[in-house]
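Participant: Generate the whole structure from the sequences, applying the supplied hints.
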Amino acid sequence: MSVSREEVQKIAELSKLQFSENELEKFTKDLSNIVDFADKLAKLDVEGVKPTAHILDIQNVFKEDNVKPSYKREEILKNAPSAQGGCISVPKVVE
Amino acid sequence: MKDYEVIIGLEVHAELSTNTKIYCNCTTEFGADPNTHCCPICTGMPGTLPVLNKKVVEYAVKMGLATNCKIANFSKQDRKNYYYPDLPKAYQISQYDLPLCENGHIDIEVDGKKKTIGITRIHIEEDAGKLIHDAYTGDTLVDMNRCSVPLIEIVSEPDMRSAKEAVEYMQALKSILEYLDICDCKMQEGSLRCDVNLSVRPVGQKEFGTRTETKNLNSFKAIQNSIEFEIKRQIEVLENGGTIYQETRRFDDAKGEGYAMRTKEEANDYRYFPEPDLAPIVLSDEYINSIKESLPELPNVKKERYLKEYNLSLYDANILTMSIKTANYFENVVKKCNNPKMVANWIMGDFARLLNENDISIDESKISEENLANLIDLIDKGTISSKIAKTVFEEMFNTGKEAKQIVEEKGLVQISDEGAIKEIVEKVVENNPQSIIDYKAGRDRALGFLVGQVMKESKGKANPGLVNKLLLEILNK
Numbered sequence: 036m037s038v039s040r041e042e043v044q045k046i047a048e049l050s051k052l053q054f055s056e057n058e059l060e061k062f063t064k065d066l067s068n069i070v071d072f073a074d075k076l077a078k079l080d081v082e083g084v085k086p087t088a089h090i091l092d093i094q095n096v097f098k099e100d101n102v103k104p105s106y107k108r109e110e111i112l113k114n115a116p117s118a119q120g121g122c123i124s125v126p127k128v129v130e
Numbered sequence: 103m104k105d106y107e108v109i110i111g112l113e114v115h116a117e118l119s120t121n122t123k124i125y126c127n128c129t130t131e132f133g134a135d136p137n138t139h140c141c142p143i144c145t146g147m148p149g150t151l152p153v154l155n156k157k158v159v160e161y162a163v164k165m166g167l168a169t170n171c172k173i174a175n176f177s178k179q180d181r182k183n184y185y186y187p188d189l190p191k192a193y194q195i196s197q198y199d200l201p202l203c204e205n206g207h208i209d210i211e212v213d214g215k216k217k218t219i220g221i222t223r224i225h226i227e228e229d230a231g232k233l234i235h236d237a238y239t240g241d242t243l244v245d246m247n248r249c250s251v252p253l254i255e256i257v258s259e260p261d262m263r264s265a266k267e268a269v270e271y272m273q274a275l276k277s278i279l280e281y282l283d284i285c286d287c288k289m290q291e292g293s294l295r296c297d298v299n300l301s302v303r304p305v306g307q308k309e310f311g312t313r314t315e316t317k318n319l320n321s322f323k324a325i326q327n328s329i330e331f332e333i334k335r336q337i338e339v340l341e342n343g344g345t346i347y348q349e350t351r352r353f354d355d356a357k358g359e360g361y362a363m364r365t366k367e368e369a370n371d372y373r374y375f376p377e378p379d380l381a382p383i384v385l386s387d388e389y390i391n392s393i394k395e396s397l398p399e400l401p402n403v404k405k406e407r408y409l410k411e412y413n414l415s416l417y418d419a420n421i422l423t424m425s426i427k428t429a430n431y432f433e434n435v436v437k438k439c440n441n442p443k444m445v446a447n448w449i450m451g452d453f454a455r456l457l458n459e460n461d462i463s464i465d466e467s468k469i470s471e472e473n474l475a476n477l478i479d480l481i482d483k484g485t486i487s488s489k490i491a492k493t494v495f496e497e498m499f500n501t502g503k504e505a506k507q508i509v510e511e512k513g514l515v516q517i518s519d520e521g522a523i524k525e526i527v528e529k530v531v532e533n534n535p536q537s538i539i540d541y542k543a544g545r546d547r548a549l550g551f552l553v554g555q556v557m558k559e560s561k562g563k564a565n566p567g568l569v570n571k572l573l574l575e576i577l578n579k
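From first to last, the protein sequence lines are chains F and R.
Take our numbering: the final residue in the first sequence is number 130, and no numbers are missing along the way.
Take our numbering: the final residue in the second sequence is number 579, and no numbers are missing along the way.
Among the hints, erroneous ones may be present.
[Stated by the list, open to error] Computed list of lysine-lysine pairs in DSBU-like fashion (alpha-carbon distance at most 30 Å, straight line):
1) F:75 / F:85
2) F:107 / R:232
3) F:103 / R:232
4) F:98 / R:276
5) F:98 / R:394
6) F:103 / R:438
7) R:357 / R:157
8) R:357 / R:404
9) R:172 / F:98
10) F:51 / R:404
11) R:217 / R:323
12) R:443 / F:98
13) R:438 / R:492
14) R:561 / F:127
15) F:103 / R:156
16) R:427 / R:489
17) F:127 / R:357
Worth flagging that the hints you see were computed from the coordinates, not collected in a lab.
Facilitator: The following block contains the structure:
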């Protein structure tokens with residue numbers, strides 16, 4: 036396996052996700068397959084090929100610095116499971 | 103105890119004063135009701151597409167050029183992944199391996215000595231939202247108005263060796279940002295803040311010690327105090343045979359204490375990868391040069407000019423050029439009254455004190471440039487004494503009235519009529535026989551006393567030069 040169970044666990048933790056033993060096993064297998072597939076690139080000769088910064092051949096896509104109206108607050112808070120005082124309310128965050 | 107050397111590097115975040123956010127057209131205005139400056143893009147709704155604000159690139163390049171950086175012809179943006187409720191996308195768009203600006207430096211001055219501080223890089227990124235802790239419900243509330251306000255992060259080399267140097271460096275960056283007019287630098291509102299990386303090592307040791315990072319300092323005082331606290335703490339730990347851990351810390355300025363943050367995700371694994379939603383930034387040499395040509399006179403150059411053109415002391419030039427507002431004001435007053443030294447004294451003396459007491463900046467004061475120039479003319483011409491001028495100045499500061507008008511209304515014109523002064527002098531001498539005896543006995547203080555009496559008698563209006571002259575004439579008869 037090119038991805039270890041510990042690595043999957045660590046990525047899950049960083050992503051604030053919890054997996055069962057079965058899921059951990061499944062993801063370890065799936066992620067390993069994906070990494071193995073992508074690993075084919077490592078076998079290619081890329082001498083002289085510039086690293087890809089973007090998959091499309093585009094550059095310098097800019098917007099002008101002109102203010103347009105923002106959304107109504109009700110719209111912004113619509114998808115929040117809980118809101119109070121005009122804010123999205125989340126469980127207490129401790130530093 | 104061993105002697106220790108302190109190693110400090112700063113990561114400075116400056117909010118750019120663009121009209122709109124970095125990837126959408128919401129306003130960046132500070133202080134609005136929560137979540138009223140938001141749209142699907144800056145709140146990270148699925149399926150939205152960010153587009154980079156052109157001004158952000160321009161401003162970052164300006165800062166890069168002003169700090170002697172090499173500007174990248176090819177640059178890209180990356181995702182920095184971490185989970186925190188103030189970051190709705192769960193990643194911050196920043197720059198990883200190809201920042202816009204690299205390898206710069208600026209000069210600072212500490213105790214009259216010049217020192218060069220290296221700048222590793224300057225990159226663009228988006229700010230996060232604001233978390234408010236609701237004491238009543240115990241919940242955390244998220245305000246996303248600040249999400250995606252554009253920032254530049256200026257990363258220094260570990261070149262500073264004391265709190266003083268760090269504060270000077272921060273002050274120098276602030277001046278440059280203000281001169282370029284790309285950041286409002288309101289530290290109390292968080293538009294300019296910094297993280298301090300600090301380690302200590304016994305003098306002579308080659309390797310750096312383990313460093314800590316104190317986050318989010320938003321005043322010069324907090325920078326100074328947190329550094330002094332952390333130096334002391336690290337040395338104490340080492341002296342007691344302990345170990346410094348690489349950790350992220352906070353500083354409570356009210357208590358004057360720093361503490362380690364409790365978050366477990368200290369592993370700082372941000373899993374950066376290229377941002378697929380944004381196109382690379384390609385800057386031509388022509389573009390970079392055109393920005394370079396548009397740069398204003400920067401603080402260091404202005405300072406040199408003040409020394410030569412106005413013949414000011416280094417101290418005066420330093421203070422006057424620190425803020426562009428002060429410098430502009432100074433130059434405009436000098437243009438009108440042509441007495442640079444006196445203008446400098448007023449701006450750095452009584453004016454600075456009153457501005458400070460009223461907590462306003464020089465461009466917000468009621469005294470127009472022309473008005474100050476007129477006051478200085480009145481002193482130069484001998485119409486009023488410099489002592490009276492202080493009273494007039496306070497009145498000008500409080501009311502915004504013309505100097506001349508105040509002088510006339512209050513009858514403050516200086517008495518330079520020899521006859522009139524002589525009369526007062528004679529009266530004072532007559533009333534103070536003991537002082538005459540003291541003076542003749544060689545006690546110089548007696549003269550000062552007599553001058554004071556004459557000034558008092560004339561309600562401060564007598565020309566002090568004449569008073570002195572006439573008194574001496576009588577006493578030495």
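Participant: So, for every hint listed, does it hold in this structure?
Facilitator: The hints, checked one at a time:
no., hint, result
1, F:75 / F:85, "holds (18 Å)"
2, F:107 / R:232, "holds (19 Å)"
3, F:103 / R:232, "holds (22 Å)"
4, F:98 / R:276, "holds (27 Å)"
5, F:98 / R:394, "holds (22 Å)"
6, F:103 / R:438, "violated (43 Å)"
7, R:357 / R:157, "violated (40 Å)"
8, R:357 / R:404, "violated (39 Å)"
9, R:172 / F:98, "holds (25 Å)"
10, F:51 / R:404, "violated (52 Å)"
11, R:217 / R:323, "holds (22 Å)"
12, R:443 / F:98, "violated (48 Å)"
13, R:438 / R:492, "holds (20 Å)"
14, R:561 / F:127, "violated (67 Å)"
15, F:103 / R:156, "holds (16 Å)"
16, R:427 / R:489, "holds (27 Å)"
17, F:127 / R:357, "holds (24 Å)"
Of the numbered hints listed earlier, those contradicted by the structure are 6, 7, 8, 10, 12 and 14.
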